[in-house]
Amino acid sequence: MLSFIGRSIIQKIITLFFVSIVSFLIIHLAPGKPSQVDPLNPKFTPEMVERFRKEFHLDKPLHVQYLLFYRDLFTGKTASWKDNQPVLKKIWERFLNSLPLFIVGTILTWTLSFPIGIRSAISRGGFYDRSATFFSYLLISIPGFFFAYILIIFVVNTFHVPVIGMETFGIGDPSWPRWAMDRVWHLLLPSVLGATGGIAVLSRYVRSQMLEVESQDYVRTAMAKGVPPEQVHYKHALRNALLPFVTMFGLILPGLIGGSVIIESIFSWPGMGRMAYEAILARDYPVILTVNFVSAVLVLAGTFISDILYMVVDPRIRL
Amino acid sequence: MTIRKVLIFTPILVILFLLQSYFWVPTYEQQSRGNPDRLNEYITASIGDASILNPILSADSASGDINSMVFEGLIDRDEELRFRGRLATSWEVFEEAFFYINESASIPGVDTARAEEVVDFLRKPKKDNGVSDPQLKACLDNIREIAVIPHREFLITKREKDPKNSKKEIEVKVHVKAPARVKLTLTAVDQDLFKNLTQLLGETYFTSFRGERYLSTDPPVEKEKLAAYAREFVPATEHNPILIFHLRPDVHFHDGHVFDANDVKFTYESIMNPRNLSPRIADYEPVKAVEVIDPLTAKIVYKRLYSPAIGTWGMGILPEHLLNQEALKREALRLGKDPEKFSMRQSGFNRHPIGCGPFVFQEWKSDQYIVLDQLNRYWEGPPNYKSYIYRIIPDPLTQEMEFYAGTIDNYGVQPHQVQRLKNDPTYQSFSGPSFGYTYIGYNMRREPFNDYRVRIALGMAIDVNKIIQYVLHGQGEQITGPFVKQTDYYNHSIKPLPYDPGRALELLAEAGWTRNKEGRLEKDGKPFQFTLITNSGNDLRKAILTIAQDSWKQIGIDVRTDLLEWAVFIQERVDKADFDALILGWSMGIEPDLYQIWHSSQTNPYQLNFVGFKNKEADELIIKIRQEYDHNIQVEYCHRLHEIIAREQPYTFLYVSKWTAILDKRIVIKEVDEKGNVIYKQIQPTKTGTYTFYFNKWIKLPEVPTFALEG
Numbered sequence: 001m002l003s004f005i006g007r008s009i010i011q012k013i014i015t016l017f018f019v020s021i022v023s024f025l026i027i028h029l030a031p032g033k034p035s036q037v038d039p040l041n042p043k044f045t046p047e048m049v050e051r052f053r054k055e056f057h058l059d060k061p062l063h064v065q066y067l068l069f070y071r072d073l074f075t076g077k078t079a080s081w082k083d084n085q086p087v088l089k090k091i092w093e094r095f096l097n098s099l100p101l102f103i104v105g106t107i108l109t110w111t112l113s114f115p116i117g118i119r120s121a122i123s124r125g126g127f128y129d130r131s132a133t134f135f136s137y138l139l140i141s142i143p144g145f146f147f148a149y150i151l152i153i154f155v156v157n158t159f160h161v162p163v164i165g166m167e168t169f170g171i172g173d174p175s176w177p178r179w180a181m182d183r184v185w186h187l188l189l190p191s192v193l194g195a196t197g198g199i200a201v202l203s204r205y206v207r208s209q210m211l212e213v214e215s216q217d218y219v220r221t222a223m224a225k226g227v228p229p230e231q232v233h234y235k236h237a238l239r240n241a242l243l244p245f246v247t248m249f250g251l252i253l254p255g256l257i258g259g260s261v262i263i264e265s266i267f268s269w270p271g272m273g274r275m276a277y278e279a280i281l282a283r284d285y286p287v288i289l290t291v292n293f294v295s296a297v298l299v300l301a302g303t304f305i306s307d308i309l310y311m312v313v314d315p316r317i318r319l
Numbered sequence: 001m002t003i004r005k006v007l008i009f010t011p012i013l014v015i016l017f018l019l020q021s022y023f024w025v026p027t028y029e030q031q032s033r034g035n036p037d038r039l040n041e042y043i044t045a046s047i048g049d050a051s052i053l054n055p056i057l058s059a060d061s062a063s064g065d066i067n068s069m070v071f072e073g074l075i076d077r078d079e080e081l082r083f084r085g086r087l088a089t090s091w092e093v094f095e096e097a098f099f100y101i102n103e104s105a106s107i108p109g110v111d112t113a114r115a116e117e118v119v120d121f122l123r124k125p126k127k128d129n130g131v132s133d134p135q136l137k138a139c140l141d142n143i144r145e146i147a148v149i150p151h152r153e154f155l156i157t158k159r160e161k162d163p164k165n166s167k168k169e170i171e172v173k174v175h176v177k178a179p180a181r182v183k184l185t186l187t188a189v190d191q192d193l194f195k196n197l198t199q200l201l202g203e204t205y206f207t208s209f210r211g212e213r214y215l216s217t218d219p220p221v222e223k224e225k226l227a228a229y230a231r232e233f234v235p236a237t238e239h240n241p242i243l244i245f246h247l248r249p250d251v252h253f254h255d256g257h258v259f260d261a262n263d264v265k266f267t268y269e270s271i272m273n274p275r276n277l278s279p280r281i282a283d284y285e286p287v288k289a290v291e292v293i294d295p296l297t298a299k300i301v302y303k304r305l306y307s308p309a310i311g312t313w314g315m316g317i318l319p320e321h322l323l324n325q326e327a328l329k330r331e332a333l334r335l336g337k338d339p340e341k342f343s344m345r346q347s348g349f350n351r352h353p354i355g356c357g358p359f360v361f362q363e364w365k366s367d368q369y370i371v372l373d374q375l376n377r378y379w380e381g382p383p384n385y386k387s388y389i390y391r392i393i394p395d396p397l398t399q400e401m402e403f404y405a406g407t408i409d410n411y412g413v414q415p416h417q418v419q420r421l422k423n424d425p426t427y428q429s430f431s432g433p434s435f436g437y438t439y440i441g442y443n444m445r446r447e448p449f450n451d452y453r454v455r456i457a458l459g460m461a462i463d464v465n466k467i468i469q470y471v472l473h474g475q476g477e478q479i480t481g482p483f484v485k486q487t488d489y490y491n492h493s494i495k496p497l498p499y500d501p502g503r504a505l506e507l508l509a510e511a512g513w514t515r516n517k518e519g520r521l522e523k524d525g526k527p528f529q530f531t532l533i534t535n536s537g538n539d540l541r542k543a544i545l546t547i548a549q550d551s552w553k554q555i556g557i558d559v560r561t562d563l564l565e566w567a568v569f570i571q572e573r574v575d576k577a578d579f580d581a582l583i584l585g586w587s588m589g590i591e592p593d594l595y596q597i598w599h600s601s602q603t604n605p606y607q608l609n610f611v612g613f614k615n616k617e618a619d620e621l622i623i624k625i626r627q628e629y630d631h632n633i634q635v636e637y638c639h640r641l642h643e644i645i646a647r648e649q650p651y652t653f654l655y656v657s658k659w660t661a662i663l664d665k666r667i668v669i670k671e672v673d674e675k676g677n678v679i680y681k682q683i684q685p686t687k688t689g690t691y692t693f694y695f696n697k698w699i700k701l702p703e704v705p706t707f708a709l710e711g
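One line per chain: the protein sequences are A and B, in this order. No gaps in the numbering here: position 74 of the first sequence is 74 in the numbering used here, and each next residue is one more. No gaps in the numbering here: position 341 of the second sequence is 341 in the numbering used here, and each next residue is one more.
One or more hints might be untrue.
[Said to hold, decoys possible] Subject to a maximum C-alpha distance of 20 angstroms in a straight line, what follows is the list of computed SDA-like cross-link-like pairs (lysine to any residue): (1) A:K82 - B:K341; (2) B:K365 - A:W110; (3) B:K5 - A:E167; (4) B:K365 - A:G165; (5) A:K82 - B:G348; (6) A:K235 - B:T10; (7) B:K365 - A:K235; (8) B:K341 - A:R51.
Since the hints were derived computationally from the structure, they do not count as laboratory data. Note that this is a predicted model, so its numbers are computed, not measured.
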């Protein structure tokens, strides 16, 4: 067990190192320049561009830039080129904004998908299964931004309430519960929107996993010996169907930092995804690379956690 | 079974919790729910962020919106577009005119005369009342004072290109021995002064004056150059209109500093300072000098007659104490920058402006919002709204949604939405024509567009009303000439060209174009064929292009069309006048100065009269309009000019588009009468269509008020 953990950690550190090199190269290979040093930007004179180049170490060879960047990152000194704010502080602020969206979205996805998928599997081919399938595929195929706009127009036109942003603009300083409830309201649409896509996909997985398990002998045995059907499905069958989801659960961790670019942009939500997107547009290398690095760490941590969880749930792995 | 229950009830509870928050959120109907201050805020939105909050440097509309709230000019325009005092309480316009004594010219009845003799000669008819011509009499009565400026000598150094080496510059010393000069002070500006004086002084008194004789240069220059110097330094006649502003006392900038005439002078100098690269520099070029007479009087002397110049004093006045040389130097040193290279453009002032307008700048979060607060001691009384918030929302759909939700107070409706929103009882709506028009211009240098009958026929073949109805969703008005439709200058008695293809064919037949067997128009065996172009990326123009092509095809004209990318369109085709016909639009100011677009001297490449319109009478009128300071006479000239242009049809004038804006119905005008009673009135647009004119009196009420029928 311990040796497995140790080996896994070493492997992951090596992977991380390569990821850092590749992402660094990709960013520098991408066309376009940071707006501060773009010779086409009319706001800056050539000497200012030169000064920025120096300040950002852009005049140094790539490998030196690489070392300088990661030295700054590990000492926490990296600052955004756009506004000179420390990147880690920026990421932390945006992360806190994205967190509620992520939590609510995840709770909805990982609870609702199971009953929906299981019922589909049980009533396979029936009316419920067909309509569930229809709606899942509908939700999977509708582009997220389109669905978001439809929903916004519907809610605003029907209820005349603000839905965009993290809070009602110009709300001022209301009482505490009102302030909190205003935020909760603004959370509703984006998190539900984020969850619908997840539910649609995940319930399909649940369905297929359950179908596989439901045809097993022990399920038939349980049914035959008179165990209540609910207990058969949700205890005997579900436990065995759950194994692949353990892996998937580990992989939602990086979603925390990636956020949802589209939903955050449409709802003007100042979250992680929107920050990363804007950083890419402005070629703000420190922000892009830091977000990239952090998400790489989270992906690896996620896989690590799912490996461990796997061992906990499935005794066969431990052998 | 617990697992199942947990899996089903957790999400249901979460969603119910999220949904119940709806009852806490302010809705459109109850915007003040939990936030009573919402009624004291006016929130508006813009597609783009402001760039520079300095009225002399900004060029974008978002910056302009904010600057007009924070800064105030000396004058602005009232509901009827007349000038009205803001930082200036009143102003006078008069003139000082000069002419050099022409020693070689002989004055009828006097022969050659020296300065004193000319003055006496001019004073005599004024005293004797012996002039019969009423025009000349009025002209002489207008003269308040006559004085002589004695002969003087001066030296001017000019930098010129070296004729031998075009890259190098050389210094030319111009030695001027100017003869005596007569100065006439006039009560009112009179552009015909010298024309009338020729009745007394002789037809050629002014024209035969040779300024070159009084110049010598070192090194010697060519004859043309010398003549140019003569026109510059010893012009035979000179009009110097003078504008004196009496400033409002006890006006303070937002930081408490007192506003005075030095700030006016400073604002002018900042605009003219080449280091600031002000986009307004051309407007102030005719200014000769700005003088501070006393702290509350500023005198502006102009180089020549140019009546649109008065309107430029609507420019927001900058605080001198914060932006002058020393202040900028201090700022540069504080920021560790080179004081030599530090200009007003780099100053932090542009992100934190201080003016004397009705609103005080508070906060600017880039790409998010700008907040302004009311100024309590504003000289006209504080605005009713406590704050003005300018949100930056790039997406029009988001703007619309925010308006429906009550987090923006106004929304600029898009043409296709007007039908739906205009009559919505929830909102009040305003609409009016915009400042600008769209037209089809013909290259009058080319056959067959040099014949006015052809141009009229082409105009008659297009059904403009259909364009307005289908392309603009009814959001446009037909226009007949080059003036802004809501001003007096526009001549409403001119009827638009009727849609009449039959008459068009008759006119074409008169011009020699007849239909052949296939129905195509021909003249001397040559088919009527040309290309209509416009720029790509503008869907309206593209639609008009197709409609025009189709309309003209129906009367037998072979029209090709072409869409060109903007830069190519302007640089290769418009600037070089290489086109047959094109679709374009002009956006206009209120001033009726048409010199650049219609004067015959502006028909060269890269100039704006690219259709090549040349008309002697129009030329005279254009000059007269820009030199006339009397509004009624100006209107008269404009109506005549409008007539000429409508008759000549160098353009087929199509339409001026209409804007529509909707506003929360609870926003009203709040006034307090002498007894202290509060009166609420409905917002009415002014004659020119602006609904925000009384913005400082606006306030939002908690409920939609009911108004008695407007009496």
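Open item on the list: Check the structure against each numbered hint from earlier and tell me which ones fail, lowest number first.
Closed with: 1, 2, 3 and 7
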